[in-house]
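Asks: Chains A and B supply the protein sequences, listed in that same order. Quick note on numbering: our numbering labels position 22 of the first sequence as 22, and the sequence is numbered without any gaps. Quick note on numbering: our numbering labels position 37 of the second sequence as 37, and the sequence is numbered without any gaps.
Worth flagging that the hints you see were computed from the coordinates, not collected in a lab. Even for Gly, the Cβ is constructed at its ideal location relative to N, Cα and C. Hints are not guaranteed to be accurate.
As the list claims (entries may be wrong) - Residues from chain A that keep clear of chain B, each with C-beta distances beyond 12 Å, as calculated:
| # | residue |
| --- | --- |
| 1 | 4 |
| 2 | 19 |
| 3 | 63 |
| 4 | 80 |
To be verified - Simulated pairs of lysine to aspartate or glutamate, EDC-like, Cα-Cα distance not exceeding 20 Å:
| # | chain 1 | residue 1 | chain 2 | residue 2 |
| --- | --- | --- | --- | --- |
| 5 | B | 42 | A | 39 |
| 6 | B | 42 | A | 5 |
| 7 | B | 78 | B | 68 |
| 8 | B | 42 | A | 82 |
| 9 | B | 78 | B | 53 |
| 10 | B | 57 | B | 86 |
Stated by the list, open to error - Where chain A lies over chain B, by a calculated footprint (3+ residues, C-beta under 8 Å):
| # | segment |
| --- | --- |
| 11 | 39 to 45 |
| 12 | 53 to 59 |
| 13 | 65 to 71 |
| 14 | 104 to 114 |
Here is how the chains run, residue by residue.
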Amino acid sequence: GQSLEQPSEVTAVEGAIVQINCTYQTSGFYGLSWYQQHDGGAPTFLSYNGLDGLEETGRFSSFLSRSDSYGYLLLQELQMKDSASYFCAVITGRRALTFGSGTRLQVQP
Amino acid sequence: EPEVTQTPSHQVTQMGQEVILRCVPISNHLYFYWYRQILGQKVEFLVSFYNNEISEKSEIFDDQFSVERPDGSNFTLKIRSTKLEDSAMYFCASGPPLTSRTDTQYFGPGTRLTVL
Numbered sequence: 001g002q003s004l005e006q007p008s009e010v011t012a013v014e015g016a017i018v019q020i021n022c023t024y025q026t027s028g029f030y031g032l033s034w035y036q037q038h039d040g041g042a043p044t045f046l047s048y049n050g051l052d053g054l055e056e057t058g059r060f061s062s063f064l065s066r067s068d069s070y071g072y073l074l075l076q077e078l079q080m081k082d083s084a085s086y087f088c089a090v091i092t093g094r095r096a097l098t099f100g101s102g103t104r105l106q107v108q109p
Numbered sequence: 001e002p003e004v005t006q007t008p009s010h011q012v013t014q015m016g017q018e019v020i021l022r023c024v025p026i027s028n029h030l031y032f033y034w035y036r037q038i039l040g041q042k043v044e045f046l047v048s049f050y051n052n053e054i055s056e057k058s059e060i061f062d063d064q065f066s067v068e069r070p071d072g073s074n075f076t077l078k079i080r081s082t083k084l085e086d087s088a089m090y091f092c093a094s095g096p097p098l099t100s101r102t103d104t105q106y107f108g109p110g111t112r113l114t115v116l
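Starting from the given sequences, assemble the full structure and let the hints guide the process.
Replies: Laid out in structure tokens, this is it:
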């Protein structure tokens with residue numbers, strides 16, 4: 001089976017940088033994705049890592065180390081609208097997403 | 001920008017009744033998925049569909065569930081005899097052809113199913 005661990009809650013202030021870590025155990029690993037979900041909304045794709053290293057998309061970056069079964073999402077220049085839940089999700093060879101339990105990010109003024 | 005659409009947004013049903021949840025994936029996508037999210041919990045994979053057949057399903061996707069792509073645009077999830085524990089938000093997602101650089105799934109807004 002698959003399991004993912006990420007912190008349940010993180011709090012930060014506007015303008016700060018926050019890192020959300022994710023460790024995983026899985027078979028047939030294909031890649032690691034990150035999704036954002038606002039309360040009552042659908043998951044929205046943020047980033048994907050299929051290879052080791054850093055992927056940057058605007059204020060968001062994501063990192064993967066396959067040898068350590070570890071990744072993180074880095075959010076820079078935090079804004080109030082970034083308050084949401086963030087999920088890491090592993091992709092297996094058949095493309096199904098297995099989500100972690102989510103990290104609730106609260107951005108304070 | 002193209003998006004995944006789902007109907008209805010909210011479905012209330014009695015235990016034991018059949019429900020059909022409908023999705024229109026993004027038009028040039030080839031991979032289709034159903035996920036569910038019980039209130040306050042994580043998103044859980046149900047089933048993936050490619051080339052007109054199920055490519056993978058989870059333990060949750062038992063005999064009471066079925067999926068269909070009845071025409072070129074719709075993708076449906078049928079729950080045959082609903083149980084109280086089927087109450088959840090059901091998300092449809094679709095994905096474009098694989099590339100080496102990215103693997104993205106686009107989620108619809110969800111259907112909230114309430115079983116009474």
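Asks: Now look at each hint and say whether the structure bears it out.
Replies: So, going through the hints one by one against the coordinates:
Residue 4 (chain A), annotated as away from the interface, has a beta carbon of chain B within 12 Å; the closest lies near 9 Å. At the 12 Å boundary, the C-beta of residue 19 (chain A) stays outside the reach of chain B, the nearest C-beta of that chain being 20 Å off. Every C-beta of chain B lies more than 12 Å from that of residue 63 (chain A), the closest at about 16 Å, which supports listing it as non-interface. Every C-beta of chain B lies more than 12 Å from that of residue 80 (chain A), the closest at about 23 Å, which supports listing it as non-interface.
Straight-line distance between C-alpha atoms of residue 42 (chain B) and residue 39 (chain A) comes to about 12 Å, which keeps the hinted pair within the 20 Å bound. As the CA atoms of residue 42 (chain B) and residue 5 (chain A) are separated by approximately 12 Å, the hinted pair is consistent with the 20 Å bound. Between residue 78 (chain B) and residue 68 (chain B) the CA atoms are separated by roughly 8 Å; this keeps the pair inside 20 Å, and the hint holds. Under the criterion of a C-alpha separation no larger than 20 Å, the hint pairing residue 42 (chain B) with residue 82 (chain A) is consistent with the structure, at around 19 Å.
About 15 Å separates the Cα atoms of residue 78 (chain B) and residue 53 (chain B), which keeps this hinted pair within 20 Å; it holds. The straight-line distance between the Cα atoms of residue 57 (chain B) and residue 86 (chain B) is roughly 16 Å, inside the 20 Å bound, and the hint therefore holds. A count of 5 residues in the segment 39 to 45 of chain B with a Cβ less than 8 Å from any Cβ of chain A is obtained; the coverage claim is therefore met, three being the minimum. For the segment 53 to 59 of chain B, the stated coverage by chain A is satisfied: 3 residues place a CB nearer than 8 Å to a CB of that chain, which reaches the threshold of 3.
With 0 residues bearing a CB less than 8 Å from a CB of chain A, the segment 65 to 71 of chain B misses the requirement of three and the coverage assertion fails. Note: the segment 104 to 114 of chain B has 7 residues with beta-carbon separation from chain A under 8 Å; the three-residue rule is met and the coverage holds.
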